[in-house]
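Asker: In case you want the letters, here they are:
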Amino acid sequence: MNMIQDSEGFSIRIPAKTQAKEPVYIQARMSADSPSRNRIVVETGSSADVVINYLSEEVNIRVDELTEVRLEENASLNIVLLQRLNPSTHLKTHTIVNQAADSMMKIHYIVLSGESIDNRLQVNLTGKNAEHIAHGLTFTEGTEHTGNHVQIVHAAPECRSNQLFKHILSGTSTGNFIGKIIVNKDAQKTTAYQRSSNILLNNKAKMDIQPQLEIYADDVKCSHGATVGQLDSEALFYLQTRGIDKQDAEKILLRAFAEETLDNINIENVKNEVIQYVNQKLITS
Amino acid sequence: MLSIRNLYASVAGNMILKGLNLEVKAGEVHALMGPNGAGKSTLAAILTGRDGYEVTEGEIWYEGSDLLALNPAERARKGIFLSFQYPVEIPGVSMANFLKLAINEQRKSKGLPSMPAAEFLKRMREKAKLVELDSSLISRAVNEGFSGGEKKRNEIFQMAMLEPTLAILDETDSGLDIDALRIVAGGVNALKTKDNATILITHYQRLLDYIVPDFVHVLAGGKIIKSAGKELALELEEKGYEWLVS
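Order-wise, the sequence lines are chains A and B.
Reminder that position 220 of the first sequence reads as 220 in our numbering, one-by-one numbering, no gaps.
Adding 285 to a residue's 1-based position in the second sequence gives its number in our numbering.
Among the clues, some could well be false.
Simulated DEER-style distance windows between Cβ atoms [what the hints assert, rightly or not]:
(1) A/233 <-> B/402: 29 to 35 Å
(2) B/403 <-> A/202: 38 to 44 Å
(3) B/497 <-> A/202: 45 to 51 Å
(4) A/246 <-> B/322: 27 to 33 Å
(5) B/288 <-> A/248: 57 to 63 Å
(6) B/410 <-> A/149: 48 to 54 Å
Hints in this document: simulated from the structure, not taken from any laboratory.
We put the beta carbon where it would ideally sit given N, CA and C, even for glycine.
Working from the sequences, and respecting the hints, build out all of it.
Answerer: Now the structure itself:
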């Protein structure tokens, strides 16, 4: 494995037929006006796990980041983006993914804090039988804003994609999810799912959802769904009648709501770490 | 144990309970019957502290405390249990974790340490057997994918786990076939002691063949209009409510 990280970004290359044993753990410490360009290449038959831990200590910084990801045939990549930023930070990430035949990628966006975060993900499934799973869990509070903007292009037949994004919003925070699925004319036997579920903890927070489907092939399985709501008041009452305080009951239900976005992070230590951060977020929020 | 005095309560501006009185003592089973809309479920909601119900007059005393001053969780920790008419499915929350927390919250409020894991598991197994609840259900999320009968048995299972002082069973018999009814009733009877009490809210006399009440009350028009022994239920089954209401 080759790995370079400097002030301009990082570059990771997993040579052909290599199974990286340990996850690559990148501490992305952001400083004022430090745009970065990153590159991840997983060559034929190889696999890797990558964690990008975004941290910002300085106040009022704005960072734009571009990451190019290339998966060659039969390559596999799990990537977790953990965003715990200073509450005054503005971050834009743009991830462009190209996946060849039989490749498999999972990406998890875990957004816990930051004044304004925009995560764009653009995926091109260019080879047959490729699979892409994009999951996101976002907490926003105060005046924070997070946008998740996903576009998945099925350019080859028999590919599968699955988008699942959840936001938990409090304060006057806002969020948006724009999820686009494009199925090209010859991308027959495509399976593409998309779902966005969101909980507003008060009536001042706002969530905007735009599912967009462009389907030009005829033999496809596609679905999309979007919900915005509050915690289930019946479930909340049920837990209380068993002696659990309302605040704790709310946290239990939020944790249960989040679970689905976390349970297929299959880098074990990283999953535990993410769960710890999520639990912490629930305790302090 | 429970003393309800001259209770008036409204929901969304509609007065539902109009001067209800009820005394429940330890060791007693009370059946609360009455036509639809009489206020039976409203009473259960008020006793457990559900949002949206306003008590405009009267008082409720429970074990020496002003019940209406307590929130739902505090009431539960003091031993009040509601078996829901429509138990809620809570995906993502496992039965075991949920019950462990419920039991330990109750213990904490009594100054007791958390229940040791082995004791908890043993109690789960014993109590599940009591209501013939399949152990695979206990490893699932709360009520998720349970059949109607399984949900009702799960309510009694939870009651067995929590050992309440006052159990309110809100139409626990509705939607149960005769076998499930026998199991549920068997569970309730097995949990009966001289120190606890049960309020059965029901439409039908059927349940009372299995759980024999000490008192039967008819609730109509927002108050109790007749109270008698168990024989009243049979009379109601035969004659309906009209002869009392009119």
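Asker: Please check whether residue 403 of chain B and residue 202 of chain A have a Cβ separation lying inside 38 to 44 Å.
Answerer: Given about 42 Å between the Cβ atoms, the range holds.
Asker: Given the hint of 29 to 35 Å, check if residue 233 of chain A and residue 402 of chain B actually sit that far apart at their C-beta atoms.
Answerer: Given a distance of about 32 Å, which is inside 29 to 35 Å, the answer is holds.
Asker: Go ahead and decide if the range 57 to 63 Å is satisfied by the Cβ distance of residue 288 of chain B to residue 248 of chain A.
Answerer: Since the Cβ atoms of residue 288 of chain B and residue 248 of chain A sit about 30 Å apart, the hinted range of 57 to 63 Å is violated.
Asker: Range first: 27 to 33 Å. Now tell me if the beta carbons of residue 246 of chain A and residue 322 of chain B are that far apart.
Answerer: Once the Cβ atoms are compared, 29 Å apart, the range 27 to 33 Å for residue 322 of chain B and residue 246 of chain A holds.
Asker: Using the C-beta atoms of residue 497 of chain B and residue 202 of chain A, is the stated range 45 to 51 Å upheld?
Answerer: holds, 49 Å
Asker: Is the hinted range of 48 to 54 Å satisfied by the C-beta distance from residue 410 of chain B to residue 149 of chain A?
Answerer: holds, 50 Å
Consistency with the previously given hints fails for number 5 only.
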